[in-house]
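Engineer: The chain contents come next:
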Amino acid sequence: MDLFRVFDIAGSGMGAQSVRLNATASNLANINSVSGDPAQVYRARHPVFETVVAGLGADSSAGVRVLGVVESTADPVPVYEPGHPEADEAGYIYRGNVDLASEMTNMISASRAYQNNVEILNTSKDLMLRTLSLGS
Amino acid sequence: MSFSLDKYFGIHQQALSLRSQRNTVLANNLANADTPGFKARDFDFRTVLAQAGGQAPAVDQVRVTHSRHLGGSAGGTDPGALLYRVPLQPAQDGNTVEADREQAAFAENSVRYQASLQFLNSRIQSMINVLKGGNS
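Protein chains in written order, with our numbering: chain A, 1 to 136; chain B, 137 to 272.
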């Protein structure tokens, strides 16, 4: 039903943004993860969003969904630490490629977008309840 | 003399459903605020309401100054169709949603929805008042 689609849309927006928040949390938690093998080290993850297109009508789009999660292709940072138990034969360990500044901005953006969707949901709910009590 | 309930409620019943449709479109814009390549959409409320009300939409008609001139409209597209918002600051990923503008449009639309609701409510109230003979 058309009237209630706004809830689906705002809900899908909240879902997508919470996936983004989860990815940020995972990245921040692993910011100090190290490995002796650059192929094994943690890589920053970021979700990619996609518009859900339902039908061919005039207002056909219906929300957003997470298309997938991509790993950052930036190189891991080598750190010379020969005493580290994980260090390779050259004495290097590798830090994950999580960029703290970009993760923090991502987090703020995601939380603001989430709040926007909550606001939409609340306003729509209020309007709908008022419509239900029409004439009373 | 016949009494038409449709006429009694006026344009506001169409306005109410169009307002809720517009809210859905705006909610969709905000849900897709971080989707790469998403283009923000909206419709011209006045034109669509005129269409819903059965009136010919006031699109820019080409002025005819001679009987052998051909008529035509400047738009060339369906006036009631969903349009694309022109962004003030387009993002690098092709997304044209500006959260603040969408929020403002959503707030405006919600208030106008409530205005229509208020109008319908008072119409129903006065109708009930009449039915009860003034002693409610």
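Just so you know, these hints were derived from the structure itself, not from any lab.
Among these hints, one or two may not hold up.
[As the list claims (entries may be wrong)] Each computed DMTMM-like pair below joins lysine to aspartate or glutamate, with the alpha-carbon atoms no more than 20 Å apart: (1) A:K125 / A:D8; (2) B:K268 / B:D229; (3) B:K175 / A:E50; (4) A:K125 / B:E234.
[What the hints assert, rightly or not] Every beta carbon over 12 Å from chain B, so not counted as near; a handful from chain A, in silico: (5) G13; (6) A25; (7) V52; (8) V79; (9) N117.
All values reported here derive from a predicted model rather than from experimental measurement.
All residues carry an ideal CB built from backbone N, CA and C; glycine is no exception.
Engineer: So which of the earlier hints does this model not fit?
Structural biologist: 2, 4, 5, 7 and 9
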